[in-house]
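Chains as they are written, first to last, in the working numbering: chain A, 1 to 341; chain B, 1 to 235; chain C, 1 to 363.
Keep in mind that the hints are not guaranteed to be accurate.
What the hints assert, rightly or not - Which chain C residues stay away from chain B? Per the calculated CB distances, all over 10 Å, these: (1) 55; (2) 151; (3) 206.
Stated by the list, open to error - Below are the DSS-like pairs computed for lysine-lysine, each with C-alpha atoms no more than 27 Å apart in a straight line: (4) B:200 / B:210; (5) B:176 / B:200; (6) B:95 / B:110; (7) A:256 / C:189; (8) A:148 / C:151; (9) A:202 / A:331; (10) B:110 / B:77; (11) B:212 / B:230; (12) B:183 / B:210; (13) B:197 / B:230; (14) C:56 / A:212; (15) A:202 / A:190; (16) C:151 / B:77; (17) A:202 / A:16; (18) C:56 / B:95.
The hints are simulated quantities; they were obtained by calculation from the structure and are not laboratory data. Ideal Cβ positions, reconstructed from N, Cα and C, are used throughout, including at glycine.
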Amino acid sequence: MASEHEYYVQKKGIAKFLDYLCLTPLGAIGFLILIIVPLFPPFNQDYLLRWFILAAIMGAGSMAFDFSAGYIAVVNFGFAAFVGLGAYTSAITAVRWGIPLPVAMLCGALASALLGLFTGAISLRMRGMFAICLTWFIGIALMGLAIKMVWLTRGMLGLQVPYFFPSDVSNLYYWYPVLGLSLMTWFILKRIARSHMGLAFKAIGQNMDAAKTSGINPTRYRIINFTVSCALAGWVGAFYAHFIGILTPDFLHTAKTVEFLVIAYIGGRGTLWGGFAVAFPFIWFTEMLRSNFDYLPGINLLIYGLILIVIMIFYAGGMAQFFQYLVDKYKDNPTVRWLTT
Amino acid sequence: MLLEIKSLDSGYGFLQVLWDISLSVDEGEFVALIGPNGAGKSTTLKTISGLLPPQGGEILFAGDSIGGMEGHLVCRKGVAFISEELNLFVNMTVKENLEMGAFTVEDSAKQKENLEFVYELFPRLYERENQYAGTLSGGERKMMAIGRGIMSSPRLMLVDEPSLGLAPMLTNEVFKSLRTLNKRGTTILLVEQNVGKTLKTSSRAYILEKGKIVLDGKSADLANDDHVRKIYLGH
Amino acid sequence: MASAAIEPTIDESAIDKVEQTIENTFVQKVVRWVFSAAGITICLTILIAIVASIHKGPYILVNTIITGGMWALMAIGLSLLFSVMNIAGFAHGEYFMAGSLTAYFVMQPIGKYTLDHPESFITYVGPLIAILAGTFMCAILGVITERLVFKQLRIRNREGWLLNCFLITIGLSVIMQNGHQLIFGADFKGILAYWDFPSVPILGVYISMDRVCAFFIAALTMVGFYMFMMFSTAGKTIRAVSQDEEGARMVGISVDAVHIMTFALSCGLAGLAGASLLFMFPSYPTVGVMPLYNSWFIIILVGFGNVAGSIPGGFMIALFQVLTRSYFGEGWEAVIPVLLISLILIFKPSGIFATKVRTVWDQ
Ligand SMILES: Nc1ncnc2c1ncn2[C@@H]1O[C@H](COP(=O)(O)OP(=O)(O)OP(=O)(O)O)[C@@H](O)[C@H]1O
Ligand SMILES: [Mg+2]
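Only chain A is shown next, with the shape it has when bound in the complex (with noise of 0.2 Å):
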């Protein structure tokens, strides 16, 4: 884990390029297949490119919600209501104001910066499970103002939303600004995440004691880290909704910061882009499931919660600890090694 900050060997070129926006040459290529696979059959269908989009913003999502869990060990119960106010402060804005949408975009990750910097003042004062819970109780907080202020949100009838691209263009024009903005969250985490900063993140994550008599101020590291992962959630939220069209206070819901929350885990803690690689093949799973076995409503759910629980118990590094234990196993092969560094 600590090997990026160990030594540099000096790249060049492309793999220099590479370097700097944080991507390994496997990413890379992960990367490079995403962009091509939608063009071609069967995957340029409309719904399967749905698929694609909303794995990418969950992805995106999930990378945001790991930041805070996984870099400072703060789980942000209350992430949805976070990318949900991202979402409404985006779409409210839009329709009132007008104002162009990448900028309405900008005011939802602003907003949901706020409450993020707000929340973090109060809760991350104290540890562990305080910090959760108020978090939590904040996003149960901003449900109940989503339901309740109807005059601003619809409440339950849902709020219209303006879309990016005319409706009756293919989702293909979603699928690349959704790519941009993964590497966009990806790039700026990983950044942040190699910096001084993230190295205090880390030292906070693993023992705050420890982290504290070195020196470090342990609370305004931890609300840093809070407010930058609430400002992506609610960037992320404010897409979401734009490609959605509607949006309804139930995306707030603490159901949904579950998914959020069992993508990034089961994709690996503290890794980052285990969630964003776990979160296509997972939201494939669950949306075949829904659809598939629609006389058992609820059924993709209940398997949520088993692979985590089984996950939890039996392998708490999730899928990224077990690439890192086949990298291990292969890593006298220079192409592996090439690969992955």
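Please arrange chains B and C with the ligands on chain A, whose structure you already have, making use of the hints.
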């Protein structure tokens, strides 16, 4: 032999601390285990008392194998462990703590007898019967822990550094009570840093360094041993 | 050297004595308590309850007392789970749900029978049977989860226990909610009343028999629970494990057995609350969510691991909610109490009854 350990290995996860330890304690003996910091003395006691599973070797107590047995079952066999951290129930009163110590004793007459003995041994505890254990002073906590150990009428008592952090006067008192206890028939295996006093009190001693037993013998002989004098007694 | 080492102890005992003399009289103790954080909040709560009851009518007080008792029961269970096993139970609402579901199914035949035989003693005892069935069902469910899930984790991985358990309970909650939906469907499964008797007039308001009984069940359970924890051997072993697990092992307590007992008790209490409140909250997959919120509000408000503090906490939360519902309307009860709690926590970050002695939650 009451306690017999044969080539015991133990440690924490992948970290092995004890290497091939063998020692034995006879019924009624007062045996000391001495060694520098980090030698693995506490680890030895934890392994015997079942708080830590052994990684190899055998532990026999009164002829039965207790290696790998769970802590509460070892306690039921008649082994009391007074740990370095004392592990008191801080939100219970002194009396409740002592009662919990007698958890394995079914006979209430026996419980009462033990309680009286403890109060006799440590009158200070009797005075503070209804005080919460968390508010006791360091010395009182030590007495409390030893008292709790006595309450289960153990055949063997494992005591880990009772003098740690005590003023010399209190240390003497604790040592005296251990001797009284031993005279009353309880076998004692004592771990101590205060080597001079320990060698005077105990009948036999083992010396543990870096997880291995390097010396053993009568305490009086060890007190005159060159190695012991140089390293532990400082003269 | 020796005197230097002894001196501090003398100093300490002197300070002790001074403190004891300050604390001595009963009146002074009471005054002190009233001005502590706990005292201020409790007195303020009572005051608000009385003022609001005069303003809006006594039903505020009545509703507070009835629901408060049940939330307190749930919070006690959560607190227990927390302080003994270090598990943050986010599936606790689901035991509430399971309790109400069991009570519903047991109550069905009983209800049919009493319809035909209104004079039978079953009319009085039947509902109690249903409630007890709900309680035991949940206790058993709790034991099963402990064995199947938490025991397994304990054997395999003790690192990051608190967080892993938290995630596992989330998984459990999702499984139980959707399991309910799959097997029993999402519709409301409720009863009109347990004890179908005329309402009892108290303080000029008519209160249904069920509510009165619910209150007595809660009160009796709390007293019983307290007695059990303080005076029974089993209760003492639970307390011992919660205070020092190693110590408990050292005196011969089987920690494994205590864990089973803790789960049974804690889930049983949640089931009892669910079953007793079946007439107010019909059973459906997510019926446990609100009770779960409430019990967590309580725990955060009074401070972690404070079992006794859950009782006043329960009434406080219930009052908050009753008040918001009657002054702001339905639906705000999730919002305004949260703001209040956040406010309290800004001033008192570790809860209003936080004790100094042990904080295992600090991880
Ligand atoms: N819980 C633990 N996990 C990992 N390693 C441990 C643990 N407890 C002790 N150790 C290590 O085991 C070794 C032996 O420790 P032990 O406590 O047995 O020493 P000791 O002889 O009792 O020392 P002291 O005189 O300081 O009490 C030490 O190197 C210590 O760091
Ligand atoms: Mg030691």
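Each hint tested on the structure:
1. 55: Holds, because the least Cβ-Cβ distance between residue 55 of chain C and chain B comes to about 41 Å, which exceeds 10 Å.
2. 151: Given a closest Cβ separation of 14 Å, the condition holds.
3. 206: Label holds. Min Cβ-Cβ 44 Å, cutoff 10 Å.
4. B:200 / B:210: holds (24 Å)
5. B:176 / B:200: Holds, at about 12 Å.
6. B:95 / B:110: holds (16 Å)
7. A:256 / C:189: With Cα atoms ~26 Å apart, residue 256 of chain A and residue 189 of chain C stay inside 27 Å; holds.
8. A:148 / C:151: Roughly 43 Å between the alpha carbons, so the hint for residue 148 of chain A and residue 151 of chain C is violated.
9. A:202 / A:331: holds (25 Å)
10. B:110 / B:77: holds (16 Å)
11. B:212 / B:230: holds (19 Å)
12. B:183 / B:210: violated (32 Å)
13. B:197 / B:230: Measuring from Cα to Cα gives roughly 16 Å; hence the hint holds.
14. C:56 / A:212: violated (51 Å)
15. A:202 / A:190: holds (13 Å)
16. C:151 / B:77: Status holds; Cα separation ~25 Å.
17. A:202 / A:16: holds (25 Å)
18. C:56 / B:95: violated (50 Å)
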